[in-house]
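Can you build the whole structure from these sequences, using the hints too?
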Amino acid sequence: MMLKIRFTRTLKLGLLMAGAALCWHVAADERDQQAFYPEDVSFNSAIPTPEAFLQHPLGQHMARNDLMVAYLKLLAEKSDRVQYEVIARSHENRPIVTLTISSPENLARLEQIRQQHLALQQPGSKQPINDDMPVISWVNYGVHGGEVSSNDAAMPVAYHLAAAQGGQIERILQHSVILLTASFNPDGNSRESAWNWTFAANTPVTDRVSALHGSPWPSGRTNHYWFDLNRQWMMQQHPEPVGWVAKFHQWRPNMVADFHEMQSHKSYYFHPGAPDRVFPLIGKDAMALLSDVVQGPRDFMDSEARLYFNEESYDNFYIGKGATYPHLYGSLGILFEQASSAGLLDTPRGLLSFRDNIRTQYRVGIALLDSAVSKRQALLSFQRKFADATEQLARDDKTKAYVFAVPGDEARAFHFLELLRRNQIEVKRLARDINVDGKTFLADNAYVVETNQPTYRMIKGMFERITRFENNTFYDVSGWTMPLAFGVDYAPLTSRSYKTAEKVEASFPAKPAPANAQVAYVFDWRNYYAPRALYRLLEAGYRPRITTEPLGTNSDKGKVTLGRGSVVMPVGWQGGAEASALHQLMTTIAREDGIDVYAVGTSYTDSVGMDLGSNMMLEVNQPKVLLVIGEGVSQYDAGEVWHLLDKRMHMPVVLLHKDKLAWVNLKDYSHLILVGGSYSDVADKTVQKIDGWVKDGGTVVGIRDGAKWAGQKLLDLSPVRISKGKLASAPRIDYADKEHAEAQDIIGGAIMAGDLDISHPLGYGYAQRLIASQRNTLLAFEPPKNPFATVVKIADKPLLSGFASEENQQQLAGKAMLVAEPKGKGAVILFADNPNFRAYFYGTEKLFMNSLFFSGAFEKPRS
5 MMLKIRFTRT
15 LKLGLLMAGA
25 ALCWHVAADE
35 RDQQAFYPED
45 VSFNSAIPTP
55 EAFLQHPLGQ
65 HMARNDLMVA
75 YLKLLAEKSD
85 RVQYEVIARS
95 HENRPIVTLT
105 ISSPENLARL
115 EQIRQQHLAL
125 QQPGSKQPIN
135 DDMPVISWVN
145 YGVHGGEVSS
155 NDAAMPVAYH
165 LAAAQGGQIE
175 RILQHSVILL
185 TASFNPDGNS
195 RESAWNWTFA
205 ANTPVTDRVS
215 ALHGSPWPSG
225 RTNHYWFDLN
235 RQWMMQQHPE
245 PVGWVAKFHQ
255 WRPNMVADFH
265 EMQSHKSYYF
275 HPGAPDRVFP
285 LIGKDAMALL
295 SDVVQGPRDF
305 MDSEARLYFN
315 EESYDNFYIG
325 KGATYPHLYG
335 SLGILFEQAS
345 SAGLLDTPRG
355 LLSFRDNIRT
365 QYRVGIALLD
375 SAVSKRQALL
385 SFQRKFADAT
395 EQLARDDKTK
405 AYVFAVPGDE
415 ARAFHFLELL
425 RRNQIEVKRL
435 ARDINVDGKT
445 FLADNAYVVE
455 TNQPTYRMIK
465 GMFERITRFE
475 NNTFYDVSGW
485 TMPLAFGVDY
495 APLTSRSYKT
505 AEKVEASFPA
515 KPAPANAQVA
525 YVFDWRNYYA
535 PRALYRLLEA
545 GYRPRITTEP
555 LGTNSDKGKV
565 TLGRGSVVMP
575 VGWQGGAEAS
585 ALHQLMTTIA
595 REDGIDVYAV
605 GTSYTDSVGM
615 DLGSNMMLEV
625 NQPKVLLVIG
635 EGVSQYDAGE
645 VWHLLDKRMH
655 MPVVLLHKDK
665 LAWVNLKDYS
675 HLILVGGSYS
685 DVADKTVQKI
695 DGWVKDGGTV
705 VGIRDGAKWA
715 GQKLLDLSPV
725 RISKGKLASA
735 PRIDYADKEH
745 AEAQDIIGGA
755 IMAGDLDISH
765 PLGYGYAQRL
775 IASQRNTLLA
785 FEPPKNPFAT
795 VVKIADKPLL
805 SGFASEENQQ
815 QLAGKAMLVA
825 EPKGKGAVIL
835 FADNPNFRAY
845 FYGTEKLFMN
855 SLFFSGAFEK
865 PRS
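For this note's numbering, add 4 to where a residue sits in the sequence shown, where the first one is 1.
Note that these hints are calculated values from the structure, not bench results. We put the beta carbon where it would ideally sit given N, CA and C, even for glycine.
When the alpha-carbon atoms are kept at most 27 Å apart in a straight line, the in silico DSS-like pairs for lysine-lysine are as follows: (1) LYS130 with LYS389; (2) LYS789 with LYS829; (3) LYS251 with LYS464; (4) LYS829 with LYS693; (5) LYS628 with LYS671; (6) LYS827 with LYS789; (7) LYS130 with LYS288.
Label-pair distances were calculated between CB atoms; the ranges are: (8) SER511 with THR471: 32 to 38 Å; (9) ARG866 with ALA583: 38 to 44 Å; (10) LEU397 with PRO791: 46 to 52 Å; (11) SER682 with ARG725: 15 to 21 Å; (12) ASP610 with LYS801: 40 to 46 Å; (13) GLN126 with LYS801: 39 to 45 Å; (14) ASN97 with ASN134: 38 to 44 Å; (15) LYS563 with GLU96: 44 to 50 Å; (16) LYS801 with TYR88: 52 to 58 Å; (17) LYS288 with HIS654: 44 to 50 Å.
Right, here's the structure in full:
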């Protein structure tokens, strides 16, 4: 049976009246008088519409995430064109659903189609492009949970593909395999939809100051830990991107469409983006083909006199975004941005409607899928040519491989190997020691990534340092060199003189249990999870101590030398705790934290450093952390701290809204963390309260703007004034050059070098003074009068990767990035850079962890 759907004004009003539903923004816009679904398309009446399932018209409310998931599952049950799959689960255990949609005949041979499609992407492939080889199209929705039309548009697109009848849909299904994923970010989506329902009104309110048009901090944009998941395609530090990137590599689609929303005063955008802001390894042929493929959306928008724009504002430079990552693998990533409205909204362009936004995203999506079929031959041929071109690029590259090592920290090495594996990069072990530019890489802990791989472009994207750019304006970060971010020793190899052993599979380095110790257990602080292990001991009531000098001792595993900050866990004097319980805990640490734990039978050390009973061993207390969140605070910075401590280090974090600082009892906590954001609304009385708490033994850890505020208010230490370079000195600049000129006066998300005092307690666990950190501001401090307070000094030539003008580099050189200043019995610790950036800067996270465990380990200089 066929159903002809015509959403006439009468039918809309009937739907609105049914059940006395709230109806704040469905029928007031002139656009809403147009049919939501194409009037010339028939639909299978056995398959329910989204409206029938939700029991309200699309756009009347934001669909609840659980109902959207249930509807997608229902489509798979009702239609032989649709298969349902859960590809991942969010931090809050919500499913991320992918529908595989095609003709029943194609679905019956789906694995054959997939294998043929992947074979096409092998260099020198002989796989023919037959008439029955479908194009693989992926449409994804809702990576930003607060972008409401992106989330809700998934339902009418899926319905259309499942239920539409006629020549166009038959052609799409016959010549396509379509992957449809919703929602990429179900946790943020659920937060936003709850807010949307809470402030639904019976009478439309179009004023943008209404609560409906602005969900509260942290909003629905981010995931559970307040991360922007659209920056996580390459990084994959959360379960959501791990799942969807694995699905991407399972298929390597010809086209990946990423639907978003932007500011409400804009029109509609889709790629191609700014032509001079494209990552160098994305070819012009890709951008040209992309422009051809989006002709279908252009034609639809023009047919309804809807305004849109291409080739400005947005770019394809940062390769960790959903619309750029696919390009490194021969797919076309295409960004779509719809002006945002959660209801009816007055804008400079007129009245904007949530319902019409959903309709636009839906119609554009169908037009794109149809266009991909029209360009099927070109898209499939492009992937074959891409594979051959990639092989040629690798052959011509002077760099034949990269060698890297992470001595003393197998857990961090594991996470780096895991990142490479998830991006389909093959790694081998180094078979024999080599020396590169005076640096020795040992076969027992070094690895090799050869560039002659199908993933050559991603390898170069991860390992290369790019510091020169055609255009210095960036939509996102400009530098992300992964070995620098992970704190990994590495070097390019320009000859084939190295030898490799077997391929490496990333596996967590669980360690065997130590022997039962007679006197103490010891372990090195260099290991990434050493802070988690130390917290386990403190939480269990034990009294570990910390070395302030290197320690050499005999153990159950032979002679061992450990660095500063190593943990000594005495067996005796533990308040009556049984030795067997301590041994069991040390076994857990070895197995679950990947740490070599050594059993020691004597306090005497006959070689390096102090005896185990030395008075120079530091006492360490259990951190009790208070993290300030809420309006005015960067949700990204706060989420990075929360994720690191809660998810990785298994440490509890008290999240305190900034406006509660005035009354909270700070004596219950050891550390107050202030991340980026504004603190100008913190009253002077509260500042005095914090200052007194620090003098009594508390520690304030400031990051970025939080460091600036804490430095000024608690240390009378103002940040360095960086002058505005060319912009300040130029007598006149053409307004047309404004964007480029202003770009000279910012740091474009670059990686910069610092000199770390590895003898300072905040430097414990580091073996090298050179440290790389992520910087996107001009914030820095003059080195304090206290000569021991500058823990990290910005290098004289700081730029390692990304963009920073010469003037800014010169002005930052020699300034302090990390300051640790004692105050009374407490301390104030200031990070000008963000040590926890996007959860992938493993190389600087230990600095932050040290600020929690060792904030009482340094003193003022003796006068």
